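Just need the whole structure built from these sequences, with the hints factored in.
Protein chains in written order, with the numbering used here: chain A, 3 to 114; chain B, 3 to 114.
It should be emphasised that the hints constitute simulated quantities derived from the structure, not laboratory data. Bear in mind the structure is a predicted one, so any value in this text is a computation, not a measurement. Some clues are possibly wrong.
Partner residues are not named here, just some residues of chain A that face chain B (Cβ under 7 Å, in silico) [what the hints assert, rightly or not]:
1. 3
2. 4
3. 28
4. 39
5. 41
6. 81
7. 88
8. 106
9. 110
10. 114
Here are a few chain B residues that sit away from chain A, every Cβ distance over 12 Å (derived from the structure) [unchecked claim]:
11. 7
12. 18
13. 22
14. 26
15. 31
16. 55
17. 78
18. 105
19. 106
Cβ atoms here follow ideal geometry from the backbone N, Cα and C, with glycine treated the same way.
2 protein chains.
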Amino acid sequence: MIRNTQEKTVIENAHGGIGKIEIHKKITKEDQVEGLSLFAKVVVSPHSTIGYHQHTDDAEAYYLLKGEGIFLDHNEARVPVKAGDLCLIKKGQSHGLENLTDQELEMIAVVY
Amino acid sequence: MIRNTQEKTVIENAHGGIGKIEIHKKITKEDQVEGLSLFAKVVVSPHSTIGYHQHTDDAEAYYLLKGEGIFLDHNEARVPVKAGDLCLIKKGQSHGLENLTDQELEMIAVVY
Numbered sequence: 003m004i005r006n007t008q009e010k011t012v013i014e015n016a017h018g019g020i021g022k023i024e025i026h027k028k029i030t031k032e033d034q035v036e037g038l039s040l041f042a043k044v045v046v047s048p049h050s051t052i053g054y055h056q057h058t059d060d061a062e063a064y065y066l067l068k069g070e071g072i073f074l075d076h077n078e079a080r081v082p083v084k085a086g087d088l089c090l091i092k093k094g095q096s097h098g099l100e101n102l103t104d105q106e107l108e109m110i111a112v113v114y
Numbered sequence: 003m004i005r006n007t008q009e010k011t012v013i014e015n016a017h018g019g020i021g022k023i024e025i026h027k028k029i030t031k032e033d034q035v036e037g038l039s040l041f042a043k044v045v046v047s048p049h050s051t052i053g054y055h056q057h058t059d060d061a062e063a064y065y066l067l068k069g070e071g072i073f074l075d076h077n078e079a080r081v082p083v084k085a086g087d088l089c090l091i092k093k094g095q096s097h098g099l100e101n102l103t104d105q106e107l108e109m110i111a112v113v114y
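Here it is in C-alpha cells:
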C-alpha cells in the first residue's frame, strides 16, 4: 500500500509550546494500520517548540532529517540533537522538542 | 533515549536483488524496543534493488526521502514511487524495491 498524501496541518503552540509546526500526515489511527498510529513528516519552524507532553497509551520516535534542536527527553533532560539522531520514548514517558535556531527542523515522527 | 550511531552496513544482492544498499541502523531487535524491530536509513545505490521478500513475523514501512524507484508491492504490483511516499506492507505480506535510476534512493525503513 502506498500513501502519498500531500495534506499539511499547521499547529500553533503544539502541546503548549511556542511558535508553529507543520505536520504532513501519511498514516493516522483512522487508517487502522496494525502497530502504527502515526507516520508523519514534521517541520518545526525556527524559534518554535513542541511542548513537553506524556504518551500514556503509545510510544513515539522522532528521527531528525534536517536542522538542530533540543530534545526534551523523559525526566526532562535537555539533549542537543541533529540530523541523523533518533529520539525514542517508551509508552508512559514524556517528551518535547525545541528548535531555537533560525532554520527549520525537519523530522519523521512515528507513533507505535 | 537518543540513538546517534554512525554505523553503516553495506549489503550486496539484498534479498536476491542486484547491486548494493547501505543500511544505517539506529535500532535493531537487539535493542529490545517494544513495538519496534528496526529503524534505519537505507541508501539504495543507482541501478540496485532489494529483492521481493516476505515478512512472516512483522510489518514494514519504507518512507522515501530522496530519489525515485519502483516499489514491488504485495501481490507483485510494480508501483512508481518518489520522495514523500510511504510504502507499507502488513505482517505476512511481501515487498521489494528497485532503483533503476542514475541517482541514489534514500529512505527510512521501519520494521514493527
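Violated hints - listed by number, lowest first: 4, 8, 11, 14
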